[in-house]
Each structure stands twice: as C-alpha cells, then as structure tokens.
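> Chain by chain, the residues:
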Amino acid sequence: MPVESVFPRLEPLLTQVQKPVQYVGGELNAQVKDWDACDVRWALMYPDAYEVGLPNQGLQILYEVLNEREGTLAERTYSVWPDLEGLMREHGVPQFTVDAHRPVGAFDVFGLSFATELGYTNMLAALDLAGIPLEAKDRDESHPVVLAGGHAAFNPEPIADFIDAAVLGDGEEAVLLITDVIRAWKGEGSPGGRAELLLRLARTGSVYIPRYYDVEYLEDGRIRRVVPNTPGVPWRVSKHTVMNLDEWPYPKQPLVPLAETVHERMSVEVFRGCTRGCRFCQAGMITRPVRERSITTIGEMVDAGLKATGFQEVGLLSLSSADHSEIAEVTKGLADRYEGTNTSLSLPSTRVDAFNIDLANELTRNGRRSGLTFAPEGGTDRMRKVINKMVTEDDLIRTVAAAYGAGWRQVKLYFMCGLPTETDEDVVAIARVAKRVIETGRQVSGKRDIRCTVSIGGFVPKPHTPFQWAAQLDHETTDARLAKLRDAIRADRDYAKAIGFRYHDGKPGIVEGLLSRGDRRVGKVIRAVYEDGGRFDGWSEHFSFDRWMACADSALADEPVDVSWYTTRERDKAEVLPWDHLDSGLDKEWLWDDWQDAVDEVEVDDCRWNPCFDCGVCPQMGTDIQIGPTGRTLLPLTPVGR
Amino acid sequence: MARTPEGPPPPPVVQRLRIRWAKRGRLRFTSHRDFQRAFERALRRANVPVAYSAGFSPHPKISYAGAAPTGTASEAEYVEVGLQERVELEPVRAALDAALAPGLDILEIVEAAPGALADRLEASHWRIELPGVGVGVAEAAAEAFLVAPEVKVERLTKDGVRTFDARGAVARLGVLDGSARGPLDDSARGPLDDSARGPLDAPGAQREGREGPCAILDVVVRHGIPTVRPDDVLSGLRSVADLVPPEPPRAVRLAQGPLDEATGIVGDPLAHDRDAVGASGIPSTA
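Quick note, the sequences are listed as chains A and B, same order.
Read left to right, the first sequence gives residues 0 to 641 (numbering that gives the first Met the number 0).
Read left to right, the second sequence gives residues 0 to 285 (numbering that gives the first Met the number 0).
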C-alpha cells in the first residue's frame with residue numbers, strides 16, 4: 000500500500016514558521032527508497048532540533064547501514080519546534096520524515112537515539128504527533144515498534160512505559176538483527192501479532208523488552224527485584240559491541256544539510272571505547288573495550304567523505320582522540336595530504352597528558368588556529384585522584400606552557416562541580432589553577448594578552464559507572480560553590496580580565512539526575528511534564544525546573560520516593576539498581592571496588608598499557624582490546640579542493 | 000604593523016564566472032545563508048579552482064547578488080566567483096549543478112566582461128500566485144494599488160518595524176488567471192524568455208492539483224533601498240483593498256536585470272558578458 004507524502008499539507012504551514020528549511024529535507028546524500036520495494040522500514044529519530052540532530056553520527060551511521068540493505072529503508076525525523084507543532088496539531092499534519100515526508104506512524108520501527116535523557120519529553124511529543132499511543136500497552140499491530148538506543152538506553156527504565164524495546168551499545172549490527180527478526184515475522188504473516196514479534200526480539204537476548212520484566216518494590220521504595228515474566232526471556236540483556244571498526248566504515252556519504260547545524264564537518268570516529276577509567280564518565284565505562292580504526296581506513300574515510308560532502312573541516316572523533324596508537328601518523332599524513340586546500344583538522348577531545356606541540360602544529364597547519372581545550376575536570380590533585388583523571392596540576396601547567404610557548408593565546412579548561420567527596424576548597428582551587436595558567440602563559444610568551452576560559456559543568460552520577468551509588472550534589476550547594484569560585488576569580492584584578500568564566504546553574508542537573516538514575520516510577524513524571532507543555536529540556540529557554548518539580552511532586556505523591564531520593568541520596572552496596580538487569584559488561588563488584596577506591600583516592604591505570612584490572616567487559620562480552628600500531632602509513636592522494 | 004601569514008600570497012584571480020541559478024520546489028525554503036554554505040561546499044566538491052583572499056582566515060572570492068527571500072522560489076539568482084585558474088564553462092556548470100541538491104540548479108555560467116553585475120540588476124520580475132483568490136478580486140485590488148500615489152507598508156526588520164512606500168518601485172502590476180492550469184512542474188527547464196514569451200509559459204506558473212480560483216500577480220519591481228519584495232506588494236494590496244489571501248501565496252522570481260521603463264520588461268543581465276566572452280547553459284533571453 001503506498002504511503003503518501005504529507006508535504007502538500009505541510010508546505011502551506013512552512014511559510015509561517017522559523018527556519019523552514021529544516022523541515023524540507025533535500026540534504027546532499029539523503030536517500031529516498033521505494034516504499035513498496037521494501038518490507039522493513041525504519042523511521043530514525045534524534046529527539047532534538049534538526050540543527051542538533053542532523054550531524055549526529057549514530058543516526059547517520061544507522062541510516063546508511065539500513066539503506067544499503069535491499070528491501071530495507073530508513074528515513075529520518077527530528078523534533079519540530081513549538082511553532083510548527085502548534086500548526087501541525089491545528090491542521091492535522093502528523094510527525095513526518097524529512098526524506099520523503101512520510102508519516103512516522105506508517106513505519107515498522109520508530110527508532111530513537113538518546114544521547115541524553117533530556118530528549119524524553121520530545122519523544123512523547125513526537126509519538127503523539129505521529130498518532131502513536133504514548134504507552135506501549137495501548138499499541139497494536141498497526142503501530143511501529145518504538146525502539147530506544149543511544150547512551151541513555153543503558154537505563155531506559157524511566158521511559159519503560161513508552162518504548163516497546165531498547166538496544167544497548169553499538170547499533171550497526173543490532174539494527175540488522177532486528178530487521179531480520181521483523182522480516183521473518185512479517186514473512187510468516189505476522190503470527191501472534193505484536194506480542195509475538197516483541198517476544199522474538201526479547202529471546203535474541205540482546206533486545207530489551209521492558210514489558211517482559213516485572214519490577215517489585217520494597218516498602219521503603221527501593222527495588223526488591225526485577226524478574227522476567229514470560230518464558231524464554233533472559234534475566235539479563237547484553238549490550239552490543241562491534242569488534243572490527245574497519246568492517247564498518249560508516250558514514251561513507253555523510254549528510255550535508257542546507258540548514259545551519261551545530262557541526263559542519265567530516266567526522267571520522269578513530270576509535271570507540273575508552274579505558275582511561277575516569278570514574279564519572281559513563282561513555283568511557285559503557286563503550287569498553289577500546290577498538291581502534293586503522294590508519295588506512297581512517298585515511299580512506301576522510302578522502303571519500305570530503306569528496307562526498309565538500310566539507311572544509313575534518314573531525315577525528317573518539318572519547319580521547321590523542322590516545323589513538325598512531326595519532327601522530329594520522330594527523331601528519333592528513334595534514335600532508337590536504338596541504339594547500341584550506342582543509343582543517345580537529346581533535347574534539349584531547350587529554351592534557353596526551354597533547355604535544357607536534358600534534359597541535361599538524362592540526363593547525365592547513366587551517367585556522369583555534370583555541371585549545373583541556374579537561375582537568377577537578378580543581379585539586381586530590382579531586383582528580385577521586386575521579387581517576389590521572390593528571391596532575393603540574394602536567395596541566397607543562398601542557399599549557401607548551402601551548403602558549405608555541406603561539407597559542409587562548410586555552411579553554413573544563414571542570415566539573417559536585418563530584419563525590421568534593422568540598423568548597425576543591426572548587427575554589429580552580430581559580431588558583433586558572434591564575435597559574437595565565438601566569439605561565441605570560442612568562443613563556445612574554446606577552447600580556449594571554450587568555451583562559453574556565454568552563455564548569457555540574458556532575459550528574461550515571462548508571463554503569465563507579466559513581467552510580469554516589470549522592471548527587473543538591474543544586475543550592477552547587478550554585479553556592481560556583482558563586483564562591485566566581486568571586487575568587489574576580490578577586491585578583493591582575494588576572495580577572497584574562498580569565499573567562501562560564502557555568503550553568505545546578506537545577507538542570509537535578510532533572511538530568513532524576514532521569515539518569517530513575518526507575519519506572521519516573522515515567523509518570525515525564526508524562527506529566529510533557530502534558531504540561533514540557534519540550535526541548537536541553538534548551539535553557541525551554542527548560543522549566545519549576546515545572547519538573549511540580550510535576551514530580553504530584554506524580555510521585557503516592558510513592559515513598561521523591562526527587563531527592565533519586566538524586567541526592569547515596570545508595571548502599573546491597574541496593575538493587577534499576578539497571579542491574581541490563582548488562583554493560585562491567586562487573587558490579589568491580590564497579591563497587593572502584594567506587595571504594597575513589598573514596599580512598601586510589602588511582603587505577605589504563606589497561607591498554609598495563610595489566611587487566613578485571614572490569615569484566617572482555618570475558619563477559621567475548622571481546623578484547625583492539626589497538627595498533629599497524630605500522631602502515633597514508634597513501635598520497637590527489638585531494639578534493641586542489 | 001599588521002601581521003601577515005608566512006609564505007607567498009595566494010594566486011590572483013585570472014577568470015571571473017557569473018552564474019545564474021534557480022531555487023525551486025521545496026528548496027525555496029532555503030535562506031540566503033543556507034545557499035551560501037551549500038554553494039561553497041559545491042565548489043569544493045566540483046573541484047572548481049576558487050581564488051582565496053590573503054590573510055590568516057582566507058575567504059573564497061565569491062560575491063552574491065541580492066537574494067530572493069526565504070520561502071520564495073527563483074529562476075534568476077546570480078553569483079559571481081573569482082578563479083585562480085581558467086576553466087571551461089560547461090564542465091564547471093554541469094559539475095556544480097551535480098554537486099548541489101536537486102532544486103538548487105545551476106542554469107548558466109558566463110565569463111564576466113568588464114562592468115559590475117550588480118549595476119545591471121535594476122529590477123525583478125515576480126509571479127505571485129494567490130490560491131483561493133478570484134481574478135476579479137485581484138484585479139480590483141491591483142487597480143486600487145496602481146492608482147494610489149503612495150502605498151505605505153510596514154515590514155519587521157532586525158532593527159524593528161520599518162515603514163516605506165511599496166507603490167513607487169512597482170513598474171508593472173498585472174493579474175492573470177491561474178485557476179484552470181494543469182499540474183505544476185516547478186523544476187521545468189527551458190528558456191526563460193521574459194521578453195519574447197508570455198509570462199504564463201514560465202516555470203512556476205502552475206499549481207499542483209489545486210481546485211478553485213487562483214489569481215496570479217505579474218509584477219515588475221525596481222530595486223531600491225529597501226528593496227520591495229513580494230510580501231510588501233501583498234501588504235500594499237491588503238492596505239489599499241483589504242485583499243487577504245486565504246492560503247499562503249507562492250512567489251517566484253522569473254527574472255532580474257536591466258529594466259526597460261517604456262515596456263516594463265526585465266532584460267538579461269548576462270547578455271553583455273555572453274556577447275563579449277562566452278557562456279555555457281541556458282541563456283535567459285531568446
């Protein structure tokens with residue numbers, strides 16, 4: 000049955016909204032496949048504005064992986080801004096894909112990628128606009144399977160009532176596995192309806208179907224246990240791990256939008272996973288082990304991607320790109336290849352201890368010299384031992400001295416506030432570090448126009464990390480500490496003008512904390528916020544802390560728990576955590592020991608260069624660290640733009 | 000003294016290209032900035048040897064002529080590019096067109112002769128479709144507009160509400176009947192012959208599968224400060240004759256160029272270059 004484009008009905012509305020181009024599709028390298036020639040159809044959503052969602056690597060990868068498959072199609076959809084949402088409701092236009100403007104409700108799978116929990120209300124808005132019942136229990140065979148992925152899917156319990164399924168970990172192989180299950184089930188004439196399809200997915204052992212698990216609670220509000228309620232459903236669901244990134248060189252044809260977006264560059268993931276072991280970092284914990292992409296595949300992807308896009312910037316992505324075993328060869332090879340073509344290279348995340356001037360010079364050879372960013376994260380050596388950052392203040396000073404000495408004038412430093420065991424002194428110490436950075440810069444450069452920007456984020460404890468048991472700092476204390484730090488920075492007039500200070504108040508972090516470590520009862524809060532008009536919670540102009548708190552008060556009124564129970568309460572070892580049945584590969588005992596080491600200020604090294612510390616991932620998942628060096632080099636090519 | 004980068008200065012401009020392009024279909028919602036980014040990437044993908052400015056932040060030598068507003072289609076947008084190496088025109092036109100999304104179409108490239116292109120873009124020829132508006136109603140409104148010595152309209156700009164006269168810039172305002180047209184082909188190719196052909200034959204003249212009345216305004220507007228846009232003409236019709244279209248109007252710029260005041264016909268701004276040097280693509284005059 001052909002599915003008609005909603006564009007004729009959408010088009011008259013577009014003249015009445017801001018930035019209409021974000022809704023029309025037509026991106027370079029976008030694909031529209033024949034609906035009737037495909038039997039498994041995915042609508043992929045990044046539940047935020049187009050300008051944020053379009054550059055998302057995860058969604059672009061899955062879009063290509065699925066569309067390369069015969070008989071399978073994938074289209075994309077993004078959150079519509081409130082101006083268009085109002086018009087769509089008024090005129091009965093459903094949530095649509097930007098590729099062929101097909102209604103999202105017509106697809107087999109509605110897959111959402113959650114990089115952050117703050118997209119949950121946007122998911123509900125999209126479901127409702129799509130005409131899909133908000134709660135999974137109210138859906139039937141005519142509705143898509145609503146599937147959550149991305150880092151937030153490692154604890155999807157707060158949205159368990161709204162999703163049919165969740166996938167943990169890498170998506171490339173998982174989406175194909177799900178496609179095969181759906182194709183087989185449809186081919187058999189959809190036996191047993193929706194329940195049968197979901198059961199088949201659950202029985203693969205690697206797709207989490209919340210409805211097949213019951214959560215039992217203790218009287219005090221803690222979880223008693225989480226148990227499968229249907230035969231054949233596994234007790235624990237495993238994450239997916241792609242082991243050979245060279246076999247999955249996606250995106251091959253990155254999307255190039257007409258609209259302006261947050262990242263406009265050719266991004267290549269140089270490795271996945273990180274074993275530095277920073278205890279606050281959920282991304283580093285849940286993506287283990289480290290799997291490097293080889294220098295030759297990186298070179299091929301950059302070349303093909305630049306030709307396909309015309310981008311002027313190459314981003315070498317990972318959780319800590321300078322840790323790639325051949326990063327010097329990669330950057331030098333690329334800088335040589337693109338010499339004279341106005342193509343710049345960037346490493347979005349560089350550790351203090353992995354930075355060196357040769358690397359920095361290669362990065363700026365063909366492009367502009369932008370600022371350098373480092374993340375000491377904590378203000379004192381003690382604090383950095385707690386979080387296992389493995390970087391000292393002297394390391395930082397040596398690095399910034401090298402940078403200022405080589406001609407940089409501006410350095411950005413990223414810190415966190417609210418870390419476990421943190422005191423006011425740990426945060427105020429950031430001012431002293433910043434002054435020392437400026438002083439060092441002035442000395443080595445002999446100039447006064449040295450700047451540094453201190454940027455502070457609030458720490459939110461995350462599932463599957465050693466800090467999953469920790470108490471989150473309340474927002475009043477967070478704000479008070481940041482005020483002290485601001486005063487300390489401003490106090491010394493010789494430095495105050497050279498130090499920029501950027502921070503956010505502590506309130507959004509509390510909502511993020513509620514959603515990160517919440518359980519199924521938090522779903523009622525999300526729904527209440529959505530129904531009260533909550534959208535785009537990641538945007539300060541749309542976020543309302545008061546609305547979240549008011550909705551939580553009423554939605555949790557009959558429960559023995561409240562927002563502070565979920566956020567500022569420390570958990571003990573025996574507590575069943577809402578995500579314990581979801582397997583990131585990390586051994587819970589190891590996480591607990593690492594949490595105790597944190598409190599004792601004991602550091603743990605990186606297993607890439609040291610013996611295994613038994614985090615549990617490799618034996619549990621049948622995986623292994625995959626790193627170079629390969630000893631190969633980049634082949635000379637005639638690059639685009641020359 | 001200003002710092003300059005090490006190394007030799009960038010190569011000079013040896014050839015300048017003048018390009019006519021179209022914004023069609025759903026891509027009429029691209030803004031001018033959107034097009035600029037897309038065009039600069041297309042130049043890179045198509046391997047066009049664009050010349051760059053000197054300095055620490057080299058910029059490509061591109062200059063854009065006055066852009067059609069976001070949401071309006073156009074068959075006659077212009078951009079000029081300076082090159083550091085000479086090129087054949089047709090291969091570059093084809094490569095650039097292929098490097099842009101369908102709907103942003105490179106129609107013609109000529110090599111620039113002396114004289115500024117911007118000086119030749121004196122006026123625009125617009126077609127504005129008014130679905131749901133009868134021809135009689137539109138004609139009466141147009142009549143009222145034309146007899147008025149001055150029609151003050153307001154427009155919200157970055158600097159607040161600005162009031163100006165929309166009447167003085169209008170060199171021609173006619174009404175056509177678009178209600179009985181066949182299906183629209185917004186991307187129809189073919190000579191865009193403003194001087195030798197009836198305006199109804201031009202692309203963008205017809206609407207897709209719509210029933211009911213549809214008046215079409217055929218307007219020639221002189222460029223000025225501020226430039227009077229289709230929106231402003233519609234605001235003027237509202238103020239002189241209470242004309243309020245029930246559906247959003249659709250505007251397409253058919254031509255930009257020198258204005259023959261006697262006939263109200265907009266000529267081809269590239270004719271001079273084409274005659275002097277050479278061209279590739281579809282000329283906009285017969």
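The set of hints was computed from the structure by calculation and includes no laboratory data.
Among these hints, one or two may not hold up.
[As the list claims (entries may be wrong)] Calculated lysine-lysine pairs in the DSS-like style (CA-CA distance at most 25 angstroms, straight line):
1) B:157 <-> A:306
2) A:483 <-> B:60
3) A:446 <-> A:434
[To be verified] Anything over 10 angstroms on all C-beta distances counts as not near chain B; from chain A, calculated:
4) 10
5) 24
6) 26
7) 27
8) 307
[To be verified] Covered stretches of chain B, going by a simulated chain A footprint (3 or more residues, C-beta under 8 angstroms):
9) 22-31
10) 37-43
11) 151-163
Every residue, glycine too, gets a C-beta built ideally from N, C-alpha and C.
> Now look at each hint and say whether the structure bears it out.
Tested hints:
Annotation: proposed proximity of residue 157 (chain B) to residue 306 (chain A) is violated, straight-line Cα distance about 37 angstroms (limit 25 angstroms). Of the pairs offered as hints, the one joining residue 483 (chain A) and residue 60 (chain B) is violated, with about 50 angstroms between alpha carbons and a cut-off of 25 angstroms exceeded. With a CA separation close to 15 angstroms, the supplied pair residue 446 (chain A) and residue 434 (chain A) stays within the 25 angstroms bound. Interface exclusion of residue 10 (chain A) from chain B breaks down, the closest Cβ pair being 7 angstroms apart, not more than 10 angstroms.
Distance check for residue 24 (chain A) against chain B: the nearest CB is about 7 angstroms away, which does not clear 10 angstroms, and the non-interface claim fails. For residue 26 (chain A), the non-interface assignment is contradicted: its Cβ lies about 7 angstroms from the closest Cβ of chain B, within the 10 angstroms cut-off. The claim that residue 27 (chain A) is not at the interface with chain B is violated, since a C-beta of that chain comes within 10 angstroms of its own (minimum 5 angstroms). A Cβ of chain B approaches the Cβ of residue 307 (chain A) within 10 angstroms, the least distance being about 8 angstroms, so the stated non-interface status is violated.
With a cut-off of 8 angstroms between beta carbons, the segment 22-31 of chain B has 5 residues touching chain A; three or more are needed, and the interface restraint holds. Counting residues of the segment 37-43 of chain B whose beta carbon lies closer than 8 angstroms to any beta carbon of chain A gives 6, which reaches the threshold of three, so the coverage claim holds. With 0 residues bearing a CB less than 8 angstroms from a CB of chain A, the segment 151-163 of chain B misses the requirement of three and the coverage assertion fails.
Of the numbered hints given earlier, the model fails hints 1, 2, 4, 5, 6, 7, 8, 11; all others are met.
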